[in-house]
Amino acid sequence: MALHTPAPIRIRLFAALREQAGWAERDWPFNDHIPPHPQAAPPTPRDLWETLQLPGALGDVRVAINHQFAEADTALQAGDELAFLPPISGG
Amino acid sequence: MDRVAQLQINLHPAAFEPLTLLSRWQHNGAAESQFIGRVRPTASDGAALLALELEHYPGMTEQQLENLAAGCCRRHGAISCLVHHRIGRVLPGEAIVLVAIGADRRGPAQRCCQELLEALKHDAPFWKRECRTDGISHWLTGNTPL
Chain E
17 MALHTPAPIR IRLFAALREQ AGWAERDWPF NDHIPPHPQA APPTPRDLWE TLQLPGALGD
77 VRVAINHQFA EADTALQAGD ELAFLPPISG G
Chain S
873 MDRVAQLQIN LHPAAFEPLT LLSRWQHNGA AESQFIGRVR PTASDGAALL ALELEHYPGM
933 TEQQLENLAA GCCRRHGAIS CLVHHRIGRV LPGEAIVLVA IGADRRGPAQ RCCQELLEAL
993 KHDAPFWKRE CRTDGISHWL TGNTPL
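Keeping their order, the protein sequence lines are chains E and S. Convert by adding 16 to the 1-based position in the first sequence; the result is the number in my numbering. Convert by adding 872 to the 1-based position in the second sequence; the result is the number in my numbering.
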């Protein structure tokens, strides 16, 4: 019987943050253990920001989950699209 | 019951002519307020500007523009809303944004237009990179003062 593998979290970076980090998007396996959480706890954007050692301070960017602004401590779900958005300058 | 505003929102990868788009816009309000923003010929530090490069977040930008427009129109009782916004490489003098609001009276039309413009500048995921004529480029981290 095939084991069910949760869909990964798609992580996306934009503009200056993308250039500083050197990548635009990557998938994070949903069931990967992220310290200090126990295996069962879902990761948060803050966990992934710190684990991936993204440049700068998380407080300087905005977080979006599935195209909606979200808090950095929101529990992520399998298949979510997580984006870190540097300061916006539209119009 | 609140009236639901008619929204038209478009992103343009190539230059658009705002006055042509306005002439084609159909709305029923007695009052109309419009804003056209164009790219300056100078960068934020005063150097000559070659172009602005406008990045966006496909999917979220359109959704967020629609959310912002619907919210502003609801708060001000506006009847209709037109938003055109550039993406990609925009040259000095070209239009980067057009916002137009139709309403029953001038007050709601003007207030809604201003609020929506400020909202999209701060809460719609767009990023500008200034490309100077001397070859230097950098990402902007904020907006010009009101």
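It should be emphasised that the hints constitute simulated quantities derived from the structure, not laboratory data. The structure presented is a predicted model; accordingly, all values stated were derived computationally and were not measured. C-beta: ideal position from N, C-alpha, C; glycine also. Be aware that one or more of the hints could be misleading.
[Claimed, not checked] Chain S is nowhere near these chain E residues, computed Cβ spacing over 10 Å in every case:
(1) A23
(2) P24
(3) R28
(4) F46
(5) A57
(6) P59
(7) F85
(8) E87
(9) Q93
[Said to hold, decoys possible] Output of the computed footprint for chain E on chain S, the stretches with three or more beta carbons under 8 Å from beta carbons of chain E:
(10) 929-936
(11) 990-1002
Going through the hints against the structure:
1. No beta-carbon of chain S comes within 10 Å of the beta-carbon of E/A23; the shortest separation is about 17 Å.
2. For E/P24, the condition that its CB be more than 10 Å from all CB atoms of chain S holds, with the nearest at approximately 18 Å.
3. E/R28, annotated as away from the interface, has a beta carbon of chain S within 10 Å; the closest lies near 8 Å.
4. Even its closest Cβ contact with chain S, about 21 Å, leaves E/F46 beyond 10 Å, as expected for a residue assigned away from the interface.
5. Every beta carbon of chain S lies more than 10 Å from that of E/A57, the smallest distance being close to 27 Å; the non-interface claim holds.
6. With a least CB separation of 21 Å from chain S, E/P59 remains clear of the 10 Å interface cut-off, as annotated.
7. Separation of E/F85 from chain S is inadequate, the least Cβ-Cβ distance of about 8 Å not exceeding the 10 Å criterion.
8. The Cβ of E/E87 sits about 16 Å from the closest Cβ of chain S, beyond the 10 Å cut-off, so the non-interface label holds.
9. The beta carbon of E/Q93 is kept farther than 10 Å from every beta carbon of chain S, the shortest such distance being approximately 17 Å.
10. With a cut-off of 8 Å between beta carbons, the stretch 929-936 of chain S has 5 residues touching chain E; three or more are needed, and the interface restraint holds.
11. Closer than 8 Å: that is the beta-carbon criterion, and the stretch 990-1002 of chain S has 10 residues meeting it against chain E, so the requirement of 3 holds.
Against the hints set out earlier in the document, violations occur for numbers 3, 7.
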